Amino acid sequence: MKKVITVALAGNPNSGKTTIFNQLTGARQKVGNWPGVTVEKKEGKFFFNDYEIHLIDLPGIYSLSAYSIEEIVARDFILERKPDVVVDIVDASNLDRNLYLTVQLIELGVKLVLSLNMIDVAENRGYHINHNKLGELLGTPAIPTIGTKGDGLKELLEEIVKVKEGKESKLRSIPVPLGREIEEEILKVQQKIEKNSRLSKKYSPRWLSVKLLENDKDIIEKIRYSQYGDKILEQVEKSRNHIMSIYNEDPETIITEQRYGFIDGAVKESTHWTKKDRITLTDKIDKVLMNRILGFPIFFLFIWLLFQGTFTLGGPPMEWIASLVNWLSHIVEIHMAESLLKDLIIKGVLGGVGGVLIFLPNILLLFLGISILEDTGYMARAAFIMDRVMHAIGLHGKSFIPLIMGFGCNVPAILATRTLENKRARILTILINPLMSCSARLPVYVLFAGAFFKKNAGNIIFSIYMIGIILAIIMGQIFKKTLFKGESAPFVMELPPYRVPTIKSTFIHMWERGSIYLKKMGGIILVFSIIIWFLGAFPTNGGISFKYKDELKKIDKVYENKIEEAKKLKSQKSTQIIKNLIKEKEEKK
Amino acid sequence: MGKEKMEKLLTLENLRTGDEGIIIKILGEGNFKKRLLEMGFIAGEKVKVEKYAPLKDPVEYMIKGYHVSLRHEEAAKILVEKV
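Going down the list, the protein sequences come from chains A and B.
For what it's worth, the numbering used here labels the leading residue of the first sequence as 1, then goes sequentially.
For what it's worth, the numbering used here labels the leading residue of the second sequence as 1, then goes sequentially.
Hint data in this document are derived by calculation from the structure and do not stem from the laboratory.
Only a predicted model underlies this, so the values are computations on that prediction, with no experimental measurement involved.
Relax, there's no trap hidden among the hints.
Once the Cα atoms are required to be at most 16 Å apart in a straight line, the calculated EDC-like pairs of lysine to aspartate or glutamate come out as: (1) A/Lys287 / B/Glu50; (2) B/Lys25 / A/Glu257; (3) B/Lys46 / A/Asp264; (4) B/Lys25 / A/Glu249; (5) B/Lys48 / A/Asp283; (6) A/Lys284 / B/Glu50.
Whenever a hint applies, use it, and build me the whole structure from the sequences.
Spelled out as structure tokens, the structure:
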């Protein structure tokens with residue numbers, strides 16, 4: 001039996017966390033959702049020496065405050081499920097801000113290993129990090145890595161094992177100093193918490209105290225109904241007021257400043273940088289891609305490429321799948337005896353799931369495009385360029401791509417909203433997406449416009465599209481004021497440096513999302529196809545269709561009699577009369 | 001606060017491309033303030049205005065060596081001293 005180590009991967013967005021996760025687990029990963037929330041959960045298993053490592057990829061987060069669902073998910077996992085080791089992936093070229101999460105992990109008192117990722121980029125920028133020194137100062141081992149090349153990952157795994165076995169001497173829990181005044185208040189709150197033995201056994205009392213002073217809503221609710229809860233919160237209130245009277249600023253601000261102060265100190269002592277104010281490649285690329293005049297045309301060119309790539313390149317494989325489904329139906333048709341089960345397989349299963357399966361090429365291609373846009377760092381720029389327009393209708397710049405894809409097909413477009421981090425923005429974008437007229441509706445529009453507005457058919461079709469967009473804007477506003485009341489998400493969006501994505505990572509990224517679609521097809525879509533088939537097939541005898549058949553028989557009989565009579569006339573006229581009667585009969589039907 | 005200092009006290013929204021400012025204080029409260037603080041917008045930190053979006057909003061800033069974008073309404077809540 002191999003020993004199992006549970007490892008949680010934590011890190012900022014754009015820290016290369018996903019790349020490392022993919023490098024370590026390869027294709028052996030399981031994608032799902034965290035229970036109860038629409039946040040992607042990725043897990044993978046692999047063997048290293050004598051160990052079986054269970055790797056859980058936590059959502060990319062900047063902090064462990066209960067600011068977003070992602071942060072709550074990550075925090076709860078660490079607090080409640082207590083992984084053996086937490087690996088914090090840190091972007092070494094953006095050390096200060098990335099270490100903020102690290103400091104919070106240190107405060108949580110977890111067994112931590114730092115991965116100083118993209119160390120090559122940091123070196124190129126002129127940051128020379130003494131990782132041993134940094135690790136020593138933070139009280140956690142730090143391993144330099146280059147995720148895209150797989151460098152340092154073996155050392156990282158060795159370190160994980162060492163920490164798990166308690167053989168790492170660099171790992172020591174050091175309290176992050178928060179300043180004399182704050183420390184005094186922490187102690188006071190801590191004393192009250194320690195009276196509740198259940199609470200202080202489960203969580204670190206110091207950590208709870210800091211979180212309470214920071215006015216962390218999630219923790220306050222946890223404490224409120226526990227033993228001595230009111231006493232603890234009373235002390236918190238007193239301490240917060242005391243801190244505010246001294247600093248003339250709320251405690252969360254002071255605590256954040258202290259944490260950054262601690263980081264500053266550690267970074268200054270462990271790194272030195274040689275080059276200064278060098279214009280990076282990213283700056284040069286941005287000069288063109290985000291140019292005031294060129295920015296929009298280039299953006300629309302990319303969108304056009306994405307659109308064409310998804311729907312034009314996706315066309316032929318779509319037809320292949322369609323003919324495959326037809327072929328399967330045909331096989332069933334020939335080889336199965338007439339029965340309800342046969343009808344279910346052909347109309348329910350193959351008709352329902354097959355009808356959705358044909359979108360798979362579209363979805364894979366769209367996600368390939370989106371993965372490239374995301375992994376290179378252009379997606380954030382697209383949101384930056386489009387935000388002014390989208391914000392006017394109450395959305396985020398990132399909503400633009402899912403909405404524009406809706407004109408091609410709403411199915412992949414709605415799936416593309418997975419790129420939106422904010423849940424409210426995501427649901428809002430999904431809700432108004434069907435108002436973007438997809439390409440499958442165009443033939444229907446053409447038919448109706450041609451039938452009812454012969455002269456103005458073109459204008460009518462154009463106006464249907466425009467009305468859809470206007471309706472989307474109006475519905476967006478209504479939803480925002482009713483279903484999604486409250487604080488809207490601030491647009492504090494990082495613009496990461498441009499990066500060349502690895503092919504492996506991009507394809508895994510694409511497949512992850514495409515496979516979610518496939519899973520849905522095996523599950524919910526299959527079930528609903530069968531339900532819809534059931535509603536159509538039953539009742540088998542009687543009902544409207546039964547009456548309809550009766551009517552048909554009656555008509556047939558009436559006309560047969562008439563035709564018989566006409567034949568009896570045996571005149572020249574009779575053939576003409578018979579012809580007319582047959583025509584009349586068909587019309588009546 | 002002296003009159004001279006008042007004149008230099010601006011919000012981040014007032015700064016133009018290429019300008020640099022030192023953060024004095026974040027106005028506002030709740031999640032928004034907390035998020036800005038955690039992203040490194042703390043008192044004493046230097047911010048540089050990198051560029052405006054083609055439609056003027058949002059604006060790209062550089063702080064703590066990384067790039068971040070804020071809308072005007074958000075930048076208006078950050079008090080800075082121009083340097």
